[in-house]
Structure formats: C-alpha cells, structure tokens
Amino acid sequence: MKKEPVKIKEVEATVRSGNFDEVILGYNEEEALSEAARCLQCKNPLCSSGCPVGIDIKTFIYKITQKDYAGAYNAIRQKNNFPSICGRVCPAEYQCRKACVLSKKGLPFASPQAINIHFLERFAGDYGMKNPASSPKIQCPGSNVRKVAIVGSGPAGLCCAGELARAGIKVIMFEGLHKLGGVLRYGIPPFRLPRNILDYEIDSLKKMGVEFIPNFIVGRNKDVDELLGEGFSAIFLGLGAGIPSFLGIKGENLCNIYSANEFLTRVNLMSAYKFPKAHTPVNIGKSMVVIGGGNTAMDAARCALRLQKTNGISPNTTILYRRSEVELPARRLEIEHAKEEGIQFKLLVKPQEFIGDEKGFITKLRCLQCELGEPDASGRRKPIEIPGSDFEVECDIAVVAIGLNANEILTKVTPALKTDKYGDVIVDKETMETSIKNVFAGGDIVGGEGTVIEAMGMAKRAAKSIIERLCNQR
Amino acid sequence: MSTKILEKKLLADVSGSKIVQIKLAAKDVAVKAKAGQFVVLMASEEGERIPLTIADIDENKTTINIIFQEAGFTTRLLGKLEPGDSLYALAGPLGHPTEIHENEDVIIVGGGVGIAEIYPVARAFKVKGNHVTTILGARNKELLILEEELRKVSDNFYITTDDGSYGKKGFVTDILKDLLAKRESYNLVYAVGPIPMMRKVSETTKPFNVKTLVSLNALMVDATGMCGCCRVSVGGKTRFSCVDGPEFNAHEVNWDELIKRNKIYCDKEQHICKLSLK
Chain A
1 MKKEPVKIKE
11 VEATVRSGNF
21 DEVILGYNEE
31 EALSEAARCL
41 QCKNPLCSSG
51 CPVGIDIKTF
61 IYKITQKDYA
71 GAYNAIRQKN
81 NFPSICGRVC
91 PAEYQCRKAC
101 VLSKKGLPFA
111 SPQAINIHFL
121 ERFAGDYGMK
131 NPASSPKIQC
141 PGSNVRKVAI
151 VGSGPAGLCC
161 AGELARAGIK
171 VIMFEGLHKL
181 GGVLRYGIPP
191 FRLPRNILDY
201 EIDSLKKMGV
211 EFIPNFIVGR
221 NKDVDELLGE
231 GFSAIFLGLG
241 AGIPSFLGIK
251 GENLCNIYSA
261 NEFLTRVNLM
271 SAYKFPKAHT
281 PVNIGKSMVV
291 IGGGNTAMDA
301 ARCALRLQKT
311 NGISPNTTIL
321 YRRSEVELPA
331 RRLEIEHAKE
341 EGIQFKLLVK
351 PQEFIGDEKG
361 FITKLRCLQC
371 ELGEPDASGR
381 RKPIEIPGSD
391 FEVECDIAVV
401 AIGLNANEIL
411 TKVTPALKTD
421 KYGDVIVDKE
431 TMETSIKNVF
441 AGGDIVGGEG
451 TVIEAMGMAK
461 RAAKSIIERL
471 CNQR
Chain B
1 MSTKILEKKL
11 LADVSGSKIV
21 QIKLAAKDVA
31 VKAKAGQFVV
41 LMASEEGERI
51 PLTIADIDEN
61 KTTINIIFQE
71 AGFTTRLLGK
81 LEPGDSLYAL
91 AGPLGHPTEI
101 HENEDVIIVG
111 GGVGIAEIYP
121 VARAFKVKGN
131 HVTTILGARN
141 KELLILEEEL
151 RKVSDNFYIT
161 TDDGSYGKKG
171 FVTDILKDLL
181 AKRESYNLVY
191 AVGPIPMMRK
201 VSETTKPFNV
211 KTLVSLNALM
221 VDATGMCGCC
231 RVSVGGKTRF
241 SCVDGPEFNA
251 HEVNWDELIK
261 RNKIYCDKEQ
271 HICKLSLK
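Same order as they appear, the protein sequences are chains A and B.
Each residue of the first sequence is one higher than the one before, starting from 1 at the first, in the working numbering.
Each residue of the second sequence is one higher than the one before, starting from 1 at the first, in the working numbering.
Because the hints were derived from the structure by calculation, they are not lab data.
None of the values given here were measured: they were computed from a predicted structure.
We put the beta carbon where it would ideally sit given N, CA and C, even for glycine.
Be careful, since some hints might not be right.
[Unchecked claim] Here are the simulated lysine-lysine pairs, DSSO-like style, with alpha carbons at most 27 Å apart:
1. A/9 <-> A/130
2. B/4 <-> B/80
3. A/277 <-> B/274
4. A/7 <-> A/105
5. B/141 <-> B/169
6. A/364 <-> B/260
7. A/364 <-> B/263
8. B/260 <-> B/237
9. A/277 <-> B/18
10. A/359 <-> A/250
11. B/34 <-> B/128
12. B/8 <-> B/27
13. A/274 <-> B/260
14. B/274 <-> A/274
15. A/286 <-> A/350
16. A/222 <-> B/61
17. B/237 <-> A/359
18. A/286 <-> A/346
19. A/147 <-> B/27
20. B/34 <-> A/412
21. A/147 <-> B/32
22. B/263 <-> A/277
23. B/274 <-> A/359
24. A/67 <-> A/79
25. B/23 <-> B/152
26. B/263 <-> A/359
27. A/67 <-> A/43
28. A/286 <-> B/268
29. A/309 <-> B/263
30. A/105 <-> A/58
31. B/237 <-> A/250
32. A/222 <-> B/32
33. A/222 <-> B/27
34. A/277 <-> B/260
35. A/250 <-> B/263
[Unchecked claim] Derived contacts from chain B toward chain A, CB cut-off under 8 Å, selection only:
36. 46
37. 73
38. 93
39. 94
40. 264
Let the hints inform the model, and build the full structure from the sequences given.
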C-alpha cells in the first residue's frame, strides 16, 4: 500500500496568479487509484461522521479502487447532488478528512496524512459530469401535481431543488440576481470553481424539470403568503447571508474601501476583471489590503493580486488578521495557495482607522498590534490589543472581509417568520420548518455564515420533510 | 425572461444632452411598485447594474416608465435601445416607498432629470389630498421635462431656469426660500435632483426647520443590500441607500462624502467612454 498522499496537480503559482483560470487540476485516473488505495476501508469508518451530509465515503472510495467510477459517482450522489462543486469548495480538512483515521489527532484541522477525500470526490464528480448517467428517481405517487417554490439559487436552494426534482416534485426557483448560483457565482471566484462546473450542475437541474426565474425578488415581487396562495404546497427559503459587516471604525466610507461582497460581486458576478469588455468597473491599487482571515478574505486577496498582475501592476496584496495563523478560519489549502501566489500576511493586527486624501480616497490604515489571550466563545484565543503599538499600513484599496449578517429583504416583510437576535430564521432543527407552516429554510439564513456543504446538509433535511409532507398530504 | 422595451420617447435633446423615456413590459414590477421606489437594470449581458427610479406605472399595472439622461457609458448604451429591443435584466421594485401622509402641505422640488423621480411622488401626495406645491428647475427651457404632467398634480406650480429661457431666472432654492419665508405651515419639502441642488435645498430649509427628504443617487451593484457600495452617512451612521433609502433626511446627509463616493469610478468611466467612441 502506498503510504504517502498523492499530491494534487496545480498550475504553477507565478502562472496562475496572472489569470482567473482554475488553480487545481485534479487527479488523473492513475493518481485517483493510487490515492484511493491508501484508504484503509475501516470497519467502522469515522470519515462519514465528519461530513455534514453523511456521504458514504468508504464505499465511494472502494468503488474508485475497483475502477467503478460511475458507481463511485452514484454513491456520492445518494447524499450529495454536487460532488464536482463540493470536491472543489468543501473545507475537507475541518470535516471528513479531520475525522479520517489516518489524520493525526488533536490538531485543529486534518494532517496531510489524511486521505484526500475531497480530491477523490472531485475526481468521481468530474467523471460523472463527463459520463452522464441518469440518477435514480425516488418518486412518490401524486407528487408531480404539487409544486414547491425555492427562494434563492445558492447552495441550499440548488441542493433542495435537486432532491425535490428527483422525487418528481415540480420546483420553481426564484433568484433575485440576474444569474443563478448565489454565492457560488458572486462569491467564489472562477479560479476555485470554474463557471462551466456550476453551469453544468444548474443545467442538469433544468433537465430534471426545475424552472428558474431570475430577477425575481421574493419579498418584493411576491411575498410568502402570495406564493402559498398561488398553489405552492411548500416553500424553501435559501436566502443566504446578505448584509456585509463593516468594522465600524473611522474613515470606513472613504473611496476604494470595499466590502468583500462588493469586491467579489464586481469581479465574479459582473466580470469586472474583463473591464472594459464587461462594463462594471473595479478599482485596482498598487497596494491592496484585505481585512479578515476566512475563505472570503482569501478569495478577495487572490482576486486582488490577479487584478494587479493582469493590469501590469507589481503584485502587492496583504491580508490583515487579528489572530495568528493557526486561527485563520480559511481552508488550509487556500492559505497555502495565497502564500504561494505572493499574498503577504500581517497577523495579530487590528485596524483602528482608515485615513484618506483630500479627494476622499483611502491612503493608509492605522492598526494596533495584538497578542493572544484566553480562548473566547469560539474556542479560539482572543486577540488583545497592545496599547501604544500603533502603526500605519500604506494602501490604496482596502477590502473588508469580516463576515455577513442575515439577508433581511424577505424576513423584514414577513412578520410571521420568526427570527433570532441575529435576524436568522428560526427553524425546527429536525424538519427545518419555520414558524410558518409549509415554509422551510436552510443555509446561511438559518445557521449564520457556514460552508456550502453545511447549507446543503440543511437543504437535504428540509427536502426530506417536504417530500414526506407532500406524500402524506395526498 | 428579458424585459421588452415597448415605447421610447425623447423628452429633451439639447446639444448632446438627451433625456429619454422608455416604457417597459414589467408586470412583476408594476404590480408592486409604489412612488419613490426604483429598479435596477442591465442594458446588456456585459452591462453594469444601474438603479433608476420608476417614473410611472400604467393603469393596468403591466408596464413601467423609466426616464434617464444620457450622461455616462451605460445610460448612452441604454439610449441606443429601441422599441422591440430587450433589456438583459430588470429587478424591482427596490427601496422604501415614499411615506405619503394625508392633508399636509408639501413642497416638491425637482431638478434636471430628477423631475422624473418627483413626478410619481407628487402625484401620490396629490391623490391623498395633500396640498402640493411644485418647483421645477432646469438649465434651460429645452431641458425641462414632464411640465404638463406635474402641473396637473400641483396646487401651486413654479418653474426656474438657470438661463431664464423659461419661468423665473435662477434656482429652485430662490423660490423655495420665498415660499418658506411667507408661510410657516409647510410639513415637508421633498427634493430630487443633482447633488448640489439637493444640498442647496437642504441648506435652504434647515433654518426654517422643515422636514426635508431627498432621494439619493448613490452607486449600486446588487441594489438589494448585499454589497454596501451605496453606503452613505446619515446622522453620523452608515446606511445603505438601496435598502435603508433611497430617501433620507436631507439635514442629516453627509453631502461631501456622497459627492466623493459618486466619483469613485470617474477614471474608469472616462476610459470606457473613450473606447466606445472609437
């Protein structure tokens, strides 16, 4: 048995940082076989317990070792509709890989020895994409006369749509933006999730009969009561986390200070990196900083660096984070990729004030140095500002990537929909039903900011409840 | 899925300054839209998302009118579209509707293409039995739009032009100041126009302590609260024009900041305009 993990092929850092093409090239057949062969096929596998949707990892890896790639694909599809997407964006080192028996225990994330489950998932997913075979339908009698509305076409909505469509339920999906995919489209850059993968998955849903209505804002064009009154038997709300948080410090409204949402939406959804061919502009600086340490911060920084390089500006992008490297919440792979590409990390710093010129554009950022104190509610050590340690960082663009709050566009106009103090929708954890009967919810609008796969886990639970409800109502 | 242009009307065309009105087949918007709200639209698939106020809704609630001045790249692109053509995308209604009280004494001030935005508001006030005084301002007679429409919904009606070619020579604020000085009973001043005009209106009404609302034209991307591009400082707090506005208390708006933020992409705009002329 091969002991060492099979390294994944990637485009070389100096090359890839000059474009927006996919960074990770994936395993070929030989590499996948070799990595799959490392799996111990544990009698009582732990890996699946680390997966928010409970993929039968042992089985799908076994099928790969048997060269039954279609079988591997279908094994994943039993639990996860979008293996090609999740194989690319899942923080596996915090989930299935961390639970893998080969991973060293006691670390905050998986050690490199853990099976590269995500890369194998991607391999099987991409195989399934290239060799389409119809997936089994679990039709419940009479369900095809009922229709369900899904609000929001992000990971939760797409997943729920797939589950319902497979059960023969008519799904109509409403999306407020002009393009489908939610955060997968406006948030995650194409170099992490190529658009053809996302388009393929959306197209397969269309082929399954899912109807998409973009530019339609539920809460504006129609409200929840109207949808229920128009013959929708159930509604699933996958509204997402909407409103960007800002630091609340002086000078934050200076020109060229972006929320990560704005910066990434301009670049990813509106293709500002193709300006002027695409008409939406984004400003590019000589010295760009990104504040935050999550995946969104990594995405923003790597987009910033690519914009600099593609515009002939010598790359100079820095991530500022208030804790130390081990606490960075981003996927380890993204942190490594960011470093390889030349992103600088200034750790243990806390921004205090943005400073601008007379035209109102940002020129620098005043920060305080921090040290780590006792663990806080999140279990991570708390950053404590060191008085008098002020210093300034020169910058002409700043991107604030410190998180999002609940999207309120629907909840504000739906008083019967109970929300918590964060504005997130309250649901029954088992059924995912909200305070309104036959209205379900999942994804970031329920749990606050989470991962794609967590959103999908919630969407699956909701879909299961909806299917049961619809079948019983017959 | 795309939105068809049903009619197009050139409201003004003076030395390259075109003001265009288009009627769109937009039932989903029209059914819900109220005075003061806006839509966000994309002229083409490569286009920007730009917010434009809903200038009118037809009686059957199937179409909306939007009015824009061909000022930048996207509005010029929009101006090239003809009846039968389609917009790539249209979403709305967005923003809070104007709060319309009853039996009040209101002054509505519109400047330039901002007149398009005050029309539905003035009409809504009139319908609810308010006493409506309207003041319109334009650079010259040719650039004055919707005069007849607004005259019909106004109890008192004034026009000013910068060059004196029509109405009173001068600015809307000259008349506004006279009115406020003469009578104390005004409950509200509502103003839409170029930023310097709205700011001037705000400065004019402040000493009289009259509630003054302005509809701000901040830059936007998604226009549903997701990006924060449109943030403005109002009363020392950061607000998003798209979901918290677009109307705000004029006396609390940080005008300097708004003016600066609206110039963030000046260089890019010049660049893309130059390229498109080639």
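Tested hints:
no. : hint            : result
1   : A/9 <-> A/130   : holds (20 Å)
2   : B/4 <-> B/80    : holds (14 Å)
3   : A/277 <-> B/274 : holds (13 Å)
4   : A/7 <-> A/105   : holds (22 Å)
5   : B/141 <-> B/169 : holds (11 Å)
6   : A/364 <-> B/260 : holds (17 Å)
7   : A/364 <-> B/263 : holds (19 Å)
8   : B/260 <-> B/237 : holds (17 Å)
9   : A/277 <-> B/18  : holds (25 Å)
10  : A/359 <-> A/250 : holds (16 Å)
11  : B/34 <-> B/128  : holds (14 Å)
12  : B/8 <-> B/27    : holds (18 Å)
13  : A/274 <-> B/260 : holds (25 Å)
14  : B/274 <-> A/274 : holds (17 Å)
15  : A/286 <-> A/350 : holds (22 Å)
16  : A/222 <-> B/61  : holds (14 Å)
17  : B/237 <-> A/359 : holds (21 Å)
18  : A/286 <-> A/346 : holds (17 Å)
19  : A/147 <-> B/27  : holds (22 Å)
20  : B/34 <-> A/412  : holds (17 Å)
21  : A/147 <-> B/32  : holds (24 Å)
22  : B/263 <-> A/277 : holds (21 Å)
23  : B/274 <-> A/359 : holds (23 Å)
24  : A/67 <-> A/79   : holds (21 Å)
25  : B/23 <-> B/152  : holds (21 Å)
26  : B/263 <-> A/359 : holds (9 Å)
27  : A/67 <-> A/43   : holds (21 Å)
28  : A/286 <-> B/268 : holds (16 Å)
29  : A/309 <-> B/263 : holds (25 Å)
30  : A/105 <-> A/58  : holds (20 Å)
31  : B/237 <-> A/250 : holds (11 Å)
32  : A/222 <-> B/32  : holds (8 Å)
33  : A/222 <-> B/27  : holds (12 Å)
34  : A/277 <-> B/260 : holds (26 Å)
35  : A/250 <-> B/263 : holds (20 Å)
36  : 46              : holds (5 Å)
37  : 73              : holds (6 Å)
38  : 93              : holds (6 Å)
39  : 94              : holds (7 Å)
40  : 264             : holds (5 Å)
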